[in-house]
Amino acid sequence: MRHILSILVENEPGVLSRVAGLFSGRGYNIETLNVAPTLADGLSMMTITTEGDEAIIEQIVKQLRKLVTTVKVVDLTDVKSVEREMMLLRVDAEGAKRAEVLRIVDIFRCKVVDVSLDELILEVTGTQDKLGALINLLQRYGIKEIARTGAVAMRRGMQE
Amino acid sequence: MELTGAQILLESLRREDVEVVFGFPGGAVIDIYDQLPNYPLKHVLARHEQGAIHAADGYARASGRVGVCLVTSGPGATNAVTGIATAYMDSVPVVIVTGQVPTPLIGNDAFQEVDIVGITRPCTKHNYLVKDVRDLARVIKEAFYLAATGRPGPVLIDLPKDVQQAKCEYKYPKTIKMRSYNPTYAPNLKQVARVADVVRKAKKPIIYAGGGVIASGASEDLIWLARTYDIPVTATLMALGCFPADDPLWLGMLGMHGTYAANLAISHADLILAIGSRFDDRVTGKLSEFAKNAKIVHIDIDPTSIQKNVAVHIPVVADCKSFLAALRQSLAAAPAGAAAEDTPPAAGRHASWLERIDAWKAEKPLTYAADSKVIKPQHVIEVISRLTKGQAVITTEVGQNQMWAAQFYQFTRPRSFISSGGLGTMGFGFPAAIGAQMACPDRLVIDVAGDGSIQMCIQELATAVCYDLPVKIVILNNGYLGMVRQWQELFYAKNYCATCLDVAPDFVKLAEAYGAAGYRLTDPSQVESVLAEAFALPKTVIVDVVIDREENVAPMVPAGKSITEMILV
Ligand SMILES: Cc1ncc(C[n+]2csc(CCOP(=O)(O)OP(=O)(O)O)c2C)c(N)n1
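So the protein lines, in turn, are chains A and B.
In terms of our numbering, the first sequence is residues 1238 to 1397.
In terms of our numbering, the second sequence is residues 15 to 583.
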């Protein structure tokens, strides 16, 4: 099953490789990984999505907690949470295609962030499913390139 | 007061009450060595960095204090990696200081540069690259704290040469502030009450003790629990000595080369109290067959150990000593309305279970075929055990020698068996003996060695002789990489490929060449007298014991089999 882990770490050199090494050293795969500073001084938040059965995830979480540079680990899969990913797409948009692509942009609430004669660059945020659906749709027009951030996620409020 | 980085390091070691540093110099630590004579620290110059780190490790295991190792950058640091991994696998508190090239050169493939922080990330508890001298005092304080607390382990400090030379105001922190590191010592009392409950009700309980019992100093409490509640005790390699071998409740070691009684008892138990042990694959054998009918209680200070290999019924994250103290209290407070059989005292309460165990003990004790012509290694260990009354510090190399020492020496106290359990590092025993002898100048320290392993760090003979360390090396010389040969014999149709040590040094002459004493033993009738003589010599001694070449370690559980499927001879 897919799990989203939210990991609060000290913002210092080597932290990313400690976390990543923990996965690779045990033969686990990281599907997406996202990291950036938080509001708190000297702390960064990592969001990692990974696959594994319960026992593997339990081990991963415990091992992450054991790292001296880890402050907190939450498996967001177990709680109600919001998950978003940002993606940039370079799409073919020549001639007649252009109008159709722009219609899809509207429906998916993407933004056009760059225009040239024969292609557009689109920006979109959403869940993994939404991004997947958009890729599927745009494929027939020709996607030349994509860049994705990987998921970021946050626990919803109003939880006990 | 302004001090250089090198001075800060040494002054901080002094404040951590470090008495001895095991090391080997080089350009990248020369500033530290330059200052060393000004500090009240004893430095032991090893002859190889692997020797230095194993010695620091042996010192830590024998004394319960943090071992300290100092090596140069690049090759010095990489030579220490095997020893760092060894300490990591066995949870030994060691602080390793490595020199590093000056910070402006880091990452430039400078002379003798290696990314040791990157290399040792998976085999240290934590590591640091200090880039600013103002961080140094705090880092050292943290390193000692991290190494010794929680689940102990090696912590590495990589110290660039310019940081050693840079100056700053010195203030050694009094306290530690680490928001991300808070080991749990005290157990959850509800869990303890549950444990007390199952202990009261168990009909066939067993204690399976691990290295955590020794690390936390919980032997006394464990002995109390076993004797008061009439619970038999088995232990891992790492925990030998935590329970006296002459106690009727003692089953011996369990696992791949464990005793028949221990392996059957744990397989038939209805309650396993796993205390500071981690269900290593050498212990459990085939996991799906392991202790199928037992309730398993697992106490470990490291939450990652729990539920890692086996499903546990009652997990308790705690320091073993704190747990046992809490359990004692909980057991003393008998639950209201408890039936008579549920209340202590309990001597004799498991009489029928212990009778069964005694039958197993009698049926297949640890044994060997004595011989009047050729020396049996087991006999050698028995003699060592008798001569030293179980009071020596025994270090071992890895292989058959290690297992015979574990099986046939009657350990009576903790921190007396020092062996590379987790990593199985050949070459560990002798330098570890040097460290142990530094820690315990008044005890007899004996490295039980194989002729293969001893050659991996043999150069440390110079170290032992140089510091007048009366370490004894008893080589069980079978002319083979014996343990591998045993596997080849049993599971690879006797294809003795690359395990015969045809060319070997004359160990007696070798000892003499280094200024140590050497004896050779070939006759079983002389074992006792020669060993007694060697042990009485206040010198470094090698006793080269020519043993039965193809003697095997038994029992043996083939890899991947259930621990009840033992090959017995
Ligand atoms: C550094 C290292 N290399 C290889 C091994 C694999 N190994 C395990 S036991 C063993 C044989 C050891 O031979 P020896 O030291 O002569 O001891 P014996 O088994 O004969 O007592 C070997 C090669 C190891 N444990 N460590």
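Check before you lean on any hint, since a few could be wrong.
Pair ranges (Cβ atoms, derived) [said to hold, decoys possible]:
# : chain 1 : residue 1 : chain 2 : residue 2 : range
1 : B       : 302       : A       : 1265      : 47 to 53 angstroms
2 : B       : 207       : A       : 1370      : 49 to 55 angstroms
3 : A       : 1290      : B       : 207       : 44 to 50 angstroms
Here are the simulated DSS-like pairs of lysine-lysine, each with C-alpha atoms no more than 25 angstroms apart in a straight line [claimed, not checked]:
# : chain 1 : residue 1 : chain 2 : residue 2
4 : A       : 1303      : B       : 218
5 : B       : 181       : A       : 1299
6 : A       : 1303      : A       : 1334
Just some of the chain B residues that point at chain A, by a computed CB distance under 8 angstroms [claimed, not checked]:
#  : residue
7  : 135
8  : 136
9  : 140
10 : 160
11 : 162
12 : 191
13 : 194
14 : 322
15 : 324
Keep in mind the hints are simulated off the structure, nothing from the lab.
Using N, Cα and C, we set each Cβ at its ideal position, and we do this for glycine too.
Practice item. Take the C-beta atom of residue 207/B and the C-beta atom of residue 1370/A, compute their distance, and say whether it sits inside 49 to 55 angstroms. Key: 53 angstroms, holds
Check your understanding: Holds or violated: is the Cβ of residue 191/B closer than 8 angstroms to a Cβ in chain A?
Key -> Result: violated, 12 angstroms to nearest chain A Cβ.
Check your understanding: Given the hint that residue 1303/A pairs with residue 1334/A, does the C-alpha gap stay at or below 25 angstroms?
Key -> Measuring from Cα to Cα gives roughly 53 angstroms; hence the hint is violated.
Point to revise | chain A contact restraint for residue 324/B - C-beta distance below 8 angstroms | key: 11 angstroms, violated
Point to revise | Beta-carbon spacing of residue 302/B to residue 1265/A - inside the hinted bounds 47 to 53 angstroms or not | key: 22 angstroms, violated
Practice item. Would you check whether residue 140/B satisfies its interface hint, that is, whether its CB is within less than 8 angstroms of any CB in chain A? Key: 4 angstroms, holds
Review point. Given the hint that residue 1303/A pairs with residue 218/B, does the C-alpha gap stay at or below 25 angstroms?
Key: Given that 25 angstroms is the threshold and the Cα spacing comes to 35 angstroms, the pair is violated.
**Study point:** Range agreement (Cβ of residue 207/B with Cβ of residue 1290/A, hint 44 to 50 angstroms)
**Key:** 31 angstroms, violated
**Study point:** Per-residue hint verdict: residue 194/B, partner chain A, C-beta under 8 angstroms
**Key:** Check passed: Cβ of residue 194/B comes within 4 angstroms of chain A, closer than 8 angstroms.
Exercise for review: Answer holds if the nearest beta-carbon of chain A is closer than 8 angstroms to that of residue 136/B; otherwise answer violated.
Suggested key: 5 angstroms, holds
Check your understanding: Do the alpha carbons of residue 181/B and residue 1299/A lie within 25 angstroms of each other, as the hint requires?
Key -> 40 angstroms, violated
Exercise for review: Answer holds if the nearest beta-carbon of chain A is closer than 8 angstroms to that of residue 322/B; otherwise answer violated.
Suggested key: Holds - the Cβ of residue 322/B comes within 8 angstroms of chain A, reaching about 6 angstroms at its closest.
In this structure, the earlier hints numbered 1, 3, 4, 5, 6, 11, 12 and 15 are contradicted, and the remaining ones agree with it.
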